[in-house]
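Novice: What follows is the residue order along each chain.
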Amino acid sequence: DGGITQSPKYLFRKEGQNVTLSCEQNLNHDAMYWYRQDPGQGLRLIYYSQIVNDFQKGDIAEGYSVSREKKESFPLTVTSAQKNPTAFYLCASSIAYWRLMNTEAFFGQGTRLTVV
Amino acid sequence: QKEVEQNSGPLSVPEGAIASLNCTYSDRGSQSFFWYRQYSGKSPELIMFIYSNGDKEDGRFTAQLNKASQYVSLLIRDSQPSDSATYLCAVSNTGKLIFGQGTTLQVKP
Numbered sequence: 001d002g003g004i005t006q007s008p009k010y011l012f013r014k015e016g017q018n019v020t021l022s023c024e025q026n027l028n029h030d031a032m033y034w035y036r037q038d039p040g041q042g043l044r045l046i047y048y049s050q051i052v053n054d055f056q057k058g059d060i061a062e063g064y065s066v067s068r069e070k071k072e073s074f075p076l077t078v079t080s081a082q083k084n085p086t087a088f089y090l091c092a093s094s095i096a097y098w099r100l101m102n103t104e105a106f107f108g109q110g111t112r113l114t115v116v
Numbered sequence: 001q002k003e004v005e006q007n008s009g010p011l012s013v014p015e016g017a018i019a020s021l022n023c024t025y026s027d028r029g030s031q032s033f034f035w036y037r038q039y040s041g042k043s044p045e046l047i048m049f050i051y052s053n054g055d056k057e058d059g060r061f062t063a064q065l066n067k068a069s070q071y072v073s074l075l076i077r078d079s080q081p082s083d084s085a086t087y088l089c090a091v092s093n094t095g096k097l098i099f100g101q102g103t104t105l106q107v108k109p
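Sequences listed follow chains A and B, in order.
Heads up: the first sequence begins at 1 in the numbering used here, then just goes up one per residue.
Heads up: the second sequence begins at 1 in the numbering used here, then just goes up one per residue.
Think of the hints as simulated: they come from the structure by calculation, not from any bench.
Treat the hints with care, since some could be wrong.
Said to hold, decoys possible - Which bits of chain A does chain B cover? Going by a derived footprint, with three or more residues having C-beta under 8 Å, they are:
no.: 1; stretch: 30-37
no.: 2; stretch: 44-57
no.: 3; stretch: 94-100
Unchecked claim - Cut-off 27 Å, straight-line C-alpha distance, at most; resulting in silico cross-link-like pairs (DSS-like, lysine-lysine):
no.: 4; chain 1: A; residue 1: K14; chain 2: A; residue 2: K71
no.: 5; chain 1: B; residue 1: K56; chain 2: A; residue 2: K9
no.: 6; chain 1: A; residue 1: K57; chain 2: B; residue 2: K56
Since we're looking at a predicted model, the values are computed, not measured.
All residues carry an ideal CB built from backbone N, CA and C; glycine is no exception.
Hey, can you work out the whole structure from these sequences and the hints?
Specialist: Quick look at the structure:
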């Protein structure tokens, strides 16, 4: 089955610790995205990548870091510099806009991070 | 000014009525426009996309785009209780996909 896998589904961490969220896709998509969703809010873009070894900051990149060493993988690290890390994190992938402009993004099931 | 704006609602409509959801965007270079539906605690799923001015229909759903007014809307005909969810408008420009805050729709039986 093709899809996007985020793991773990729930994650608990102590304040001050870095934590890495996993996102893997087998859809052969070039583009991948990370979003953060707070209760009652929409999705806010953290980072996005249109091709391997390249990524861009979104609107709320401070306190986060990513890497894109493989096409299938786009891990997100929530660092201790992120002041309010508790949130629902969603990873998505799509065909890159430079291949097909009007392409939908497919989402993983999300990781709910709680920092205590 | 937010890049993509939606009225957070809730928008309440009776079963069988037409629900109208609206979205405005600030980037005139935006190329593609999407409507996603998100049930509580779940991931968003695509309802439809539109990229040309005018209307696009898919079953009970119609998306409308007016690039001059920087406005995109979604009409849901014959609304059902199962349509109760949050509807997210998303706008794409050269691969940067930005979402609005979503509109909560409640369809009352």
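Novice: What hint numbers does the structure not satisfy?
Specialist: Hints 4, 5 and 6 contradicted; others consistent.
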